[in-house]
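Peer 1: Here are the chains, one letter per residue:
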Amino acid sequence: MNGRLRAALGLALIAALVAPLVPLGLWSVARGWFYPQILPATWTLEPWARAFAPRSDIPGALMTTTLIALAASALALALGIPAGRALGLYRFRGKALVELALLAPVIVPGIAVGLGIHGVFLRLGLTNSALGVVLVHLVPTLPYVIFVMSGVFSNYDAEAEAQARSLGARPLQVLWHVMLPAIAPGVMVAGLFAFLVSWSQYILTLTIGGGRVVTLPLLLYAQAGAGRNDQAGVLAMLSLAPGLVILALVARQIGGRGMAFGGTR
Amino acid sequence: MTRLTLDNLDLHHAGAARPALSNLSLDVADGEMVALLGPSGCGKTTALRVIAGLIAPDAGAVRFDGRSVLHLPPERREAVLVFQSGQLFAHMDVAANVGFGLRMQRRPRREIADRVAEALAQVQLDDLGHRKPHELSGGQRQRVALARALVLKPGLLLLDEPLSSLDAHLRTEMRALIRRLQRETGITTLVVTHDQEEAAVLGDRVALMLGGRIHQIGAGAALWNRPADLDVARFFGGCNFIPGTSTGGVFDCALGRLALPDGAPEGQGCLTLRPEAIEPGPGENAVVMRVTETRFEGLLTRIGAEAGGLRLEALMRAGAARSARPGAETLWRLPREALWVLPGV
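As they're listed, the protein sequences go chains A and B.
Per full-length UniProt numbering, numbering through the first sequence is continuous, rising by one, with the last residue being 265.
Per full-length UniProt numbering, numbering through the second sequence is continuous, rising by one, with the last residue being 345.
Simulated from the structure, these hints should not be mistaken for laboratory data.
Accuracy of the hints is not assured; some may be wrong.
With the C-beta cut set under 8 Å, the calculated list includes, among others, these residues of chain A facing chain B [as the list claims (entries may be wrong)]: (1) A160; (2) L167; (3) A169.
A few chain B positions that, by computed beta-carbon distances, are all more than 10 Å from chain A [what the hints assert, rightly or not]: (4) A17; (5) G53; (6) E173; (7) E279; (8) P335.
The C-beta atom is built at its ideal place from N, Cα and C for all residues, glycine as well.
Pulled out of the complex, with its shape left as it was, chain B reads as follows:
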């Protein structure tokens, strides 16, 4: 399989206000699945197209196993890109679609038939080889598109939002299928998505891309709880930012002195914690807050509160949230292990 390296990729579309890719670097290990996560327009699809060879970058390098592939046209790269829409060829039946790449390589008929059957079995569509794309459901189409790429046994699989066109229940199913196939085949995979949950479930690692470059890469939970910067924190729904100074495991700020977890960076910075980490009641790092508003958000209720001119938001279960009425004072505990200091902000 293939190790993918992106080295300081730059790309500026003619006439665009901001660059699509700016100093983008990324390493995907052999056999690894990395989820490239980002809001729409952050350049993640552009990155996939550059890797596939459909667009040339202005500067930087794309390396497969350490060798630059920028001089190779898309058909000669070991990467196969599966488009968001599936892009099945409407005039071919399912088997012909899946066999397309092998036919382009002029493989023997017998071999094509065998490998197509095998690939269709992999995606559990054994009996649908003779169907035309318009006779398939959205989920089936996406699976055919996946089989059409897998049948080529590519060194690198690039998936562009493979689940975005599917219903919620199909997504879960398809997510599991992609995960399983990737484990079984060991194909190095880069999957692009705008959905945090999808990225966390699919990726061995998650790379968060904002404004054309990777802001943070790591396990999903790390990005969630230990953001590298304010933008990352905001992307994951972070809304609590407390300026202050960190000295010897204590954070001095408008809320008073808060105990920090071990190894927190020293000096001036911004303290952040996820809204769902805040707990009601007394204990370590408890602060008196004045509730300003509550908003029902389904499973959880969002509560806004103020203290010392600072505004915090918490997400709590209905039971814990019931006592919070606008104007009332309440005691919030900011658990030490949930605190995270962004230095120098």
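Chain A extracted, bound-state conformation:
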């Protein structure tokens, strides 16, 4: 493929991905926007003001979503890094089975998983609580973390740790000074992905949170369902924000040479 064709395809792809978001953005700053107008008749920041008014539940949901996503991704990393290390570094009996089992949450529909776990969490008293939601968010986030980390660890030379030990480092010092710096880029990518997956979770939050734990996706579905396009627009823009920030942060890591911004060059 020559450069110009590549650039054109890249632009087309970006347009296809960004175009659906444009009306959402416009809705959040429009007053009265009806068919067949191509652009809104009047512009306003009123939907945004309303979203952040004292009685609005959006600021609270923003905080809840952020905290749950942070907790879920931290927990997913704490469990996923050791698991990824085991899968990436060692060969053991039944490894293929474990890898397949890890894919299961990605294959099985969220609603089925959610309902199944709901029964268990009900007995444990974890339903309708933020803790329960954090835990259930491990279902979709943990596989991502494990897969990213097992890839990272399959390129990791554990001999460096033996070398560090021989040079006088205690096990915790090895972890901190040798292993973590070596896998840091992978940990960042895995953590950010886990954050995004948790951030945009709807079904699992709804089934386990029971409507008591209110996150942005829940509000977004409610407002969109009620036809309040201006509020849905604001919520969509808010939901989009961390994804864009994270994409900008990790683009270099994923593409190896700044895929997101360098692809059209």
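We have chain A; now place chain B onto it with these hints.
Peer 2: Chain B only, in chain A's frame:
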């Protein structure tokens, strides 16, 4: 510095057909450099890892200055192992790599900086402290790895194939550097290698390890010319083995009666001599041989010849080898001082 003693070490990796270490014993004197020589898979790297504390043996003891260290984790042993690959930490620059061990000991910043500078000077890399490992050549990386160990002033230095990743000309240079630093610092050193020449140049003594145990230890020339057994002789390229009986300084065999050097063992045995020791022409211990083949091997030519149902090989310079044509008869002298009898084989 530290005296190293290995006592009857045994180690059998789970699932392996043969033991990695079998009854391995070795003594390295204070300040001595011993080359642990052996083919790949003979267990020499495993031995280093056991001494460093990275693997525990099934049985036996590792002693530093007579005290067992088996209960100590690697970071608390006075031994530092330098890995074959160098294992520089990619995320640290050269100075940080060299200072790693001192930082782990929480030494004062000032002291670390001084000692790192000193160690880098020792390996002649004074100006490269700020470089990252990927900006270094293979030889420079190996020298950083060496400095990183030396800066700790260990009682015992363990080098795993320190030259194997280097080009031929760099090897000679690095070999001299290791030799010089070891002399200057007096650190007891055990260096593992598969290269006979390297072992002979580096080691005060050479220990030949085959199949998990030491077969012979001594000066390089002794292993070459006076092998302890057939395996040692074969490892050093020995190819002439003549069965017979030794009585009163004479060896009776299919080639006739050969005069032996003084002090040769008596009784049944196997006579061996190095192929390059054989000389063309008449004299003491001269035998008539029928040439079967010649093969050009660069500096020397390898000549195969037969007599009395025995096959011998000689390595000769091109001039001496020119007269040897397959099928021709030739006179070979087996110099008395080059003969060596392996008793009871």
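Peer 1: Is the nearest CB of chain A more than 10 Å from the CB of G53 of chain B?
Peer 2: At about 8 Å from chain A, G53 of chain B fails to clear the 10 Å cut-off, so the statement is violated.
Peer 1: Is E279 of chain B truly not at the interface, in the sense that its beta carbon sits beyond 10 Å from all beta carbons of chain A?
Peer 2: holds, 49 Å
Peer 1: Hint L167 of chain A vs chain B: min CB-CB distance below 8 Å?
Peer 2: holds, 4 Å
Peer 1: Was E173 of chain B rightly flagged as not at the interface, with every chain A Cβ beyond 10 Å?
Peer 2: For E173 of chain B, whose nearest Cβ neighbour in chain A is about 24 Å away, the distance exceeds 10 Å, so it holds.
Peer 1: Is the nearest CB of chain A more than 10 Å from the CB of P335 of chain B?
Peer 2: holds, 47 Å
Peer 1: Mind checking the CB of A169 of chain A against every CB in chain B and telling me if the closest is under 8 Å?
Peer 2: holds, 5 Å
Peer 1: Quick one, is the A160 of chain A hint okay against chain B at 8 Å, beta carbons?
Peer 2: holds, 5 Å
Peer 1: Can we confirm that no CB of chain A comes within 10 Å of the CB of A17 of chain B?
Peer 2: The claim stands: A17 of chain B keeps its Cβ more than 10 Å from every Cβ of chain A (closest is about 19 Å).
Checked against the numbered hints above, the structure breaks only hint 5 and satisfies the rest.
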